[in-house]
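Chemist: Those protein sequences? They're chains A and B, same order as listed. Counting from 1, one number per residue, gives the positions in the first sequence under our numbering. Counting from 1, one number per residue, gives the positions in the second sequence under our numbering.
Hints listed in this document are in silico derivations from the structure and should not be mistaken for laboratory results. What you are looking at is a predicted structure, and each value in this text was computed from that prediction instead of being measured. Treat the hints with caution; some may be incorrect.
DSBU-like, lysine-lysine: derived pairs with alpha carbons at most 35 Å apart [unchecked claim]:
(1) A:Lys104 - B:Lys16
(2) A:Lys13 - B:Lys16
(3) B:Lys115 - B:Lys3
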Amino acid sequence: ETGVTQSPTHLIKTRGQQVTLRCSSQSGHNTVSWYQQALGQGPQFIFQYYREEENGRGNFPPRFSGLQFPNYSSELNVNALELDDSALYLCASSSTDRFATNEKLFFGSGTQLSVL
Amino acid sequence: AQKVTQAQTEISVVEKEDVTLDCVYETRDTTYYLFWYKQPPSGELVFLIRRNSFDEQNEISGRYSWNFQKSTSSFNFTITASQVVDSAVYFCALSGGSSNTGKLIFGQGTTLQVKP
Chain A
1 ETGVTQSPTH LIKTRGQQVT LRCSSQSGHN TVSWYQQALG QGPQFIFQYY REEENGRGNF
61 PPRFSGLQFP NYSSELNVNA LELDDSALYL CASSSTDRFA TNEKLFFGSG TQLSVL
Chain B
1 AQKVTQAQTE ISVVEKEDVT LDCVYETRDT TYYLFWYKQP PSGELVFLIR RNSFDEQNEI
61 SGRYSWNFQK STSSFNFTIT ASQVVDSAVY FCALSGGSSN TGKLIFGQGT TLQVKP
């Protein structure tokens, strides 16, 4: 039990739609990261938020955006959904310094997004 | 560029056998961190171990052990006397460098099946 919860667990959308995925971090964790995991692949880093500001971004287009709130919740928004966006989206939280690279991450169970 | 390679896609063993999961990494950073995570069928990634690039001392934790060799850029993971509950996907991951704040680079994962 990592203390990180994600909702919904499963979601079906059609191409072109917009989606919002939600994450509730462990209390006291100031950092949240989002990862995309395609079937049979390792997770790929989307971005990280530190104290409500973006603090690093992977190779994902601007239609992937996020928000982090003071109450340890966060959102991942994806606009103009494409078929290739179908994946498991994982949220991970940690308590760390802004430029730390050694943090242990606590992951949620993910949201399985299917784009038809 | 940073890269993690887990050449073994799937491994199947019988309970009580020992099993080693291989991980090879590439990085130009002099300071970096290596991780192993376990992903059971429920989806969340569970942290197993973190090792920094200056500490090549091997570690044993119960039935788990890790062999870090900087000379061969490898960070292998061994489970002794495997159990059915060890069945999961195991990921090796790398982080490091000021340009990669918050970013973990994952390998493709090794699916371990332990049969009774």
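Chemist: Now tell me if each hint is right for this structure.
Modeler: Okay, the hints, checked on the actual structure:
1. A:Lys104 - B:Lys16: holds (29 Å)
2. A:Lys13 - B:Lys16: violated (44 Å)
3. B:Lys115 - B:Lys3: holds (31 Å)
Checked against the numbered hints given earlier, the structure breaks only hint 2 and satisfies all the rest.
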